[in-house]
Structure formats: structure tokens, C-alpha cells
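Protein sequence lines, in the order shown, are assigned to chains A and B. For what it's worth, numbering that gives the first Met the number 0 labels the leading residue of the first sequence as 0, then goes sequentially. For what it's worth, numbering that gives the first Met the number 0 labels the leading residue of the second sequence as 0, then goes sequentially.
Source of the hints: derived by calculation from the structure; they are not laboratory data. Note that the structure is predicted; figures quoted are calculated from it, not measured. Incorrect hints may have been included.
[What the hints assert, rightly or not] What the simulated footprint calls covered on chain A by chain B, stretch by stretch (three residues with Cβ under 8 Å from a Cβ of chain B suffice, anywhere in the stretch; the number is not a length): (1) 25-31; (2) 76-86; (3) 121-129; (4) 252-265.
[As the list claims (entries may be wrong)] Below, a sample of chain A positions facing chain B; criterion: calculated Cβ distance under 8 Å: (5) M18; (6) L19; (7) P102; (8) G113; (9) A247.
Quick reminder that beta carbons are idealized off the backbone N, C-alpha and C, glycines included.
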Amino acid sequence: MMHAVRRHGPYVLILPGFMLLAGLFVLPVGQLLATSFGDPAGSFVHYERILTQPVYLRVILRTLTLSAATAALCLILGYPLAYQLNRSKGVARGLILLCILIPFWTNLLVRSYGWIVLLNPQGVINGALREAGLVESGLPLVYNTTGVLIGMTQIMLPYMVLPLAAVMSRIDPRVMDAARSLGASPRAAFLKVYVPLTLTGALGGVLLVFMISLGFFVVPAMLGGQRDILLAQLIEFNVNQTLNWPFAGALSAVLLVSTLVLYAFGDRFLGLRRLWGAE
Amino acid sequence: MRRPGRLLLGAIAATVCVYLILPTLIVVPISFTKTDFITFPPQGFSTRWYAAFFTRPEWSGAFVTSLVVATFTAALTTVLGTMIGLALPRLPPRANRLLGLFFLLPMIVPAIITAVALYRPFAQIGLIASVPGLIVAHTILALPFVVINVAAVVHKLDWRIVDAARSLGATPAIAFRKVTLPALAPGIAAGGIFAFLTSFDEVVVALFISGSGATTLPVQMWSGIRFEISPIAAAASCLLLLGSCLLLALFSLLKRT
Chain A
0 MMHAVRRHGP
10 YVLILPGFML
20 LAGLFVLPVG
30 QLLATSFGDP
40 AGSFVHYERI
50 LTQPVYLRVI
60 LRTLTLSAAT
70 AALCLILGYP
80 LAYQLNRSKG
90 VARGLILLCI
100 LIPFWTNLLV
110 RSYGWIVLLN
120 PQGVINGALR
130 EAGLVESGLP
140 LVYNTTGVLI
150 GMTQIMLPYM
160 VLPLAAVMSR
170 IDPRVMDAAR
180 SLGASPRAAF
190 LKVYVPLTLT
200 GALGGVLLVF
210 MISLGFFVVP
220 AMLGGQRDIL
230 LAQLIEFNVN
240 QTLNWPFAGA
250 LSAVLLVSTL
260 VLYAFGDRFL
270 GLRRLWGAE
Chain B
0 MRRPGRLLLG
10 AIAATVCVYL
20 ILPTLIVVPI
30 SFTKTDFITF
40 PPQGFSTRWY
50 AAFFTRPEWS
60 GAFVTSLVVA
70 TFTAALTTVL
80 GTMIGLALPR
90 LPPRANRLLG
100 LFFLLPMIVP
110 AIITAVALYR
120 PFAQIGLIAS
130 VPGLIVAHTI
140 LALPFVVINV
150 AAVVHKLDWR
160 IVDAARSLGA
170 TPAIAFRKVT
180 LPALAPGIAA
190 GGIFAFLTSF
200 DEVVVALFIS
210 GSGATTLPVQ
220 MWSGIRFEIS
230 PIAAAASCLL
240 LLGSCLLLAL
250 FSLLKRT
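Hey, can you work out the whole structure from these sequences and the hints?
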């Protein structure tokens with residue numbers, strides 16, 4: 000026994016966790032995907048259905064658009080915040096960090112609930128707008144795509160800011176001084192020296208946010224409308240409402256392959272694993 | 000940067016900070032309302048919704064279930080994840096890369112797919128609507144976070160202190176217990192905290208595999224928000240927020256050491 004441990008030590012240590020994941024995670028996911036090919040009418044009927052019926056293509060397109068919009072908004076809001084975080088010191092830095100980390104560590108449902116309280120027709124924001132006489136009746140801010148976008152962007156923002164801030168903190172401030180002393184205007188130094196140095200962090204953050212958004216279920220289900228559902232909700236609907244497991248398997252395969260391809264790309268070219276570990 | 004630019008940047012950053020923190024903190028005033036429904040600004044001040052949270056069996060029961068599940072999940076993942084985190088760096092590079100990726104999979108695969116995939120096998124072996132079933136599922140989901148945290152401290156560990164202990168006559172077992180483990184403890188504890196929180200907050204997989212008798216707090220919150228908009232969900236949210244802040248403080252302390 001001891002001899003075996005010494006010789007195959009690392010593999011013995013890994014074995015229990017490996018068995019757990021292989022048997023109760025990888026195998027079940029494989030089985031789910033396999034059911035999608037098991038139709039007597041042909042192996043690919045469920046995939047044909049996804050590709051030929053406009054209703055499913057619309058869900059996929061909506062999911063792609065919304066994830067891209069979330070990633071873009073996160074970059075637009077996250078870049079200045081990461082920049083400010085990096086140049087702040089003391090109390091200001093601590094406050095910014097708290098504003099990023101407290102939501103990051105808080106339950107998704109709590110944050111979604113907070114958004115419902117803020118955005119619903121009788122909610123805080125609409126109430127304030129009515130008080131100010133800016134609107135007559137409540138604006139439709141939640142239970143639609145607007146609500147999902149507002150909530151998703153807030154929830155994904157830390158995934159953008161933390162990797163970006165980590166990349167920015169590694170930039171030697173002297174390179175900016177060098178650019179300035181060689182005659183670059185502040186704007187040129189920022190655009191031609193600083194921004195390119197943060198490009199991997201920005202692209203990594205965009206990829207990470209886009210990838211996680213593709214499979215998001217809780218926030219769209221809480222803040223979205225009944226009509227414009229996303230891919231994860233369509234999978235849930237096929238399992239719980241129509242009990243169409245093979246079709247849910249096919250939709251899962253589409254989502255899983257997209258996620259894994261994005262991950263592999265990010266891991267290979269953008270150091271995604273390290274960025275993700277920055278949390 | 001010139002002054003107007005600096006001010007503009009500061010204003011943008013402050014606005015984004017408000018956007019980040021506002022929906023997180025709004026639950027605090029709401030939870031102390033006297034009224035039966037949500038109003039803003041809240042009317043009066045009372046702690047009745049906290050009392051309701053702890054006396055209504057569906058809420059207090061879910062809270063206890065979540066605590067039990069998260070505690071067992073943290074314990075299990077800490078043991079399994081530490082073993083994996085210790086072993087990975089000692090593997091040949093290729094095996095290290097492949098197995099490293101393998102143990103990250105539960106973090107990469109979207110939760111909805113994991114939830115749907117686990118449902119049928121868990122039903123076959125009687126793990127649906129049971130506390131052990133939730134523990135097993137959450138252990139799978141939380142394992143990557145412990146592996147990441149432990150692998151990070153193992154990577155930074157100065158193995159010469161272990162060699163020193165060995166050359167001074169410590170057996171491998173004693174060197175491990177007295178030198179290696181204490182050096183890795185902060186990373187292991189950080190991973191354990193992350194695992195606890197992952198389980199305590201997890202909702203998608205729990206929605207599928209929990210049931211009467213084993214409802215977690217997030218599942219109860221889910222139905223509490225979707226089917227009855229009662230301030231009791233705000234009280235529950237506040238307690239979750241408080242718990243998260245405490246764990247975050249603990250986590251930051253561990254990362255500093």
C-alpha cells in the first residue's frame with residue numbers, strides 16, 4: 000500500500016475527486032448529450048429542428064445578441080472603473096473595492112430581487128421619476144430585455160473589472176512617462192501605449208463575460224419577460240414543461256460546445272484561466 | 000492627466016460604483032418595513048419580517064438545510080480539493096494540463112446543463128429531494144474553487160522548508176503535518192470558504208434536485224420572489240448579504256496572510 004502511494008502518489012491523491020466528477024458529472028452530461036442523437040427518425044432530427052424552425056433560431060440569436068451587449072456594456076463601464084481603481088489609494092481604493100466585491104460575493108437572487116425593487120413600475124426609480132414629474136406612468140424597466148440587460152451587466156461587471164485592474168496594475172508607469180517625454184500628447188500616449196498594453200485583459204474580460212452570459216438562467220428568468228426567453232430558459236422549458244429530454248439534450252449540446260470553444264480559445268490566447276483565478 | 004479629465008473619470012467611476020452597490024444595499028431598508036407589502040421609502044420600522052423568517056418553518060427550515068448542505072460541502076471539497084491541489088503540480092506537464100482542465104469543468108459547464116444532466120441519474124440512485132443529494136451535487140460544483148485556491152498556494156510553497164524538516168529527521172508524515180499543511184492552510188481555508196458560499200448561494204442545480212424535505216434557502220427565495228412579493232424575502236436577502244460580507248472579510252484576511 001505505502002509503496003503504491005509513493006510510486007503513484009499524485010494519481011492516488013487525485014483518484015477520489017476524479018471518480019466523483021467522472022461518474023456523477025461527466026458521465027451524466029455525456030448521457031444527456033447522447034439522448035439528443037437517439038431518435039429513431041434519424042440521429043440529427045433534433046438539430047435539424049433547431050436549425051430550421053425560426054422560433055429556435057430567434058432564441059439563439061437573442062441569446063448571442065444579449066450576451067454581446069452585456070459584454071460590451073461591461074467593457075464600457077468596467078474600463079474607467081478599473082483605471083480609477085488602479086490609480087486610487089487609501090480610503091478611495093478601499094471603497095471602490097468594496098463596491099465591486101460585496102455585490103460579487105452576494106447571492107444572485109438577492110441582487111435580482113434588489114433590481115426588481117428598484118425597477119418595477121411601482122418601484123424606487125419609477126417613483127422618483129414620477130415625483131420629479133418626468134414621467135406620467137411607470138417606465139417598463141423590468142420583466143423585459145431592458146431589465147435583463149441592466150441586471151446582467153451589473154452582475155457580470157466584477158468579472159470584467161478584476162482581470163482588467165490586475166492587468167493595469169502590472170503596467171510600468173514609466174512607459175507612459177517615456178511616451179510623453181518622446182513628444183506624445185496625453186491622449187496619444189494613452190491610446191497608443193496604455194490601451195494596447197491592456198488589450199489582453201480587456202479581450203479576456205469580454206470573452207469571460209460573453210461566455211458566462213450565454214448560459215445564464217437565473218437573471219433572465221427573474222428580470223426578463225415571459226416572451227423573450229434565452230437559451231438556458233428554453234432548455235429548462237423543454238425539461239420541465241414539454242418533457243422533451245432529447246430536444247433539451249440537443250439545445251444543451253449547442254450551448255456546451257459554444258462555451259467550451261470560447262473557453263479553449265480564451266485559455267490558449269488570452270490566459271483566461273489566470274484571469275478567472277484573479278477572483 | 001489634466002484636471003477636467005480627472006474629475007470626469009472620478010465621476011464616471013463613482014456612478015458605476017453606485018450602479019454596482021445600489022441593488023445590493025436596497026434590500027436593507029426594505030427589510031425593516033412595517034407594511035405587508037414593499038413600499039419605498041419604507042413605512043415605519045419593525046423587525047417583524049426577521050421574526051417571520053425565523054418562525055415560519057418554510058424559511059427557517061430552508062435556512063437550516065442550506066447551512067447543513069454548505070457545511071458538509073465545504074468539508075468534503077476541502078479534503079478532495081486539497082488532495083488534488085497537492086497532486087497536480089507533481090504530475091508530468093501534459094497530465095497536469097489535462098487534469099487541471101478536467102477539474103475546472105464544473106465551473107465552465109453552464110449550471111443549467113449540469114442541473115438537467117444530474118436530474119435523471121440522481122433520481123435513479125435516490126438522491127433527489129434529499130440532503131445527501133444536494134451535498135454531492137454541490138461538492139461537484141464547488142470542487143474547482145478549492146482546487147484553484149490550493150493549487151495557488153502549492154505553487155508558491157517553498158519546498159526547501161519541507162526538505163529542511165526531512166533532513167532534520169522528520170518522517171514524511173510529520174513533515175507534511177507540521178510543515179507543509181500549516182504553510183498551505185490559508186489557501187485551503189480560503190478554498191473552503193469559497194466552497195461554502197458556492198453551496199450556500201447555489202440555486203439552479205438545487206431547483207432541479209431539491210424537493211419537499213430538502214429545500215435550500217435560495218430555492219425558497221426563488222419561489223418567495225416569483226410567487227409572493229413579501230418583505231420576508233427582503234429580510235432573507237439582508238441575512239444573506241450579512242453572511243456574504245462576513246465571509247468576504249474572513250477571505251480577505253486569509254489572502255493577506
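Hint check results:
With 6 residues having a beta carbon nearer than 8 Å to a beta carbon of chain B, the region 25-31 of chain A meets the requirement of three or more and the stated coverage holds. Requiring three or more residues with a Cβ within less than 8 Å of a Cβ of chain B, the coverage given for the region 76-86 of chain A holds, as 7 such residues are present. Interface restraint, the region 121-129 of chain A with chain B: holds (3 residues with C-beta to C-beta distance below 8 Å; minimum three). Only residues whose C-beta sits within less than 8 Å of a C-beta in chain B count toward coverage, and the region 252-265 of chain A has 5 of them, enough to reach three; the restraint holds.
For A:M18, the shortest C-beta to C-beta distance to chain B is roughly 10 Å, which exceeds 8 Å, and the interface hint is violated. Checking A:L19 against chain B: minimum C-beta separation of about 7 Å stays under 8 Å; hint holds. A hinted interface residue such as A:P102 counts as satisfied when its beta carbon comes closer than 8 Å to some beta carbon of chain B; here the least separation is about 5 Å, so the hint holds. A distance limit of 8 Å between C-beta atoms decides the matter here; for A:G113 the minimum to chain B is near 3 Å, and the interface restraint holds.
For A:A247, the interface hint holds, the least distance from its beta-carbon to any beta-carbon of chain B being 6 Å, beneath 8 Å.
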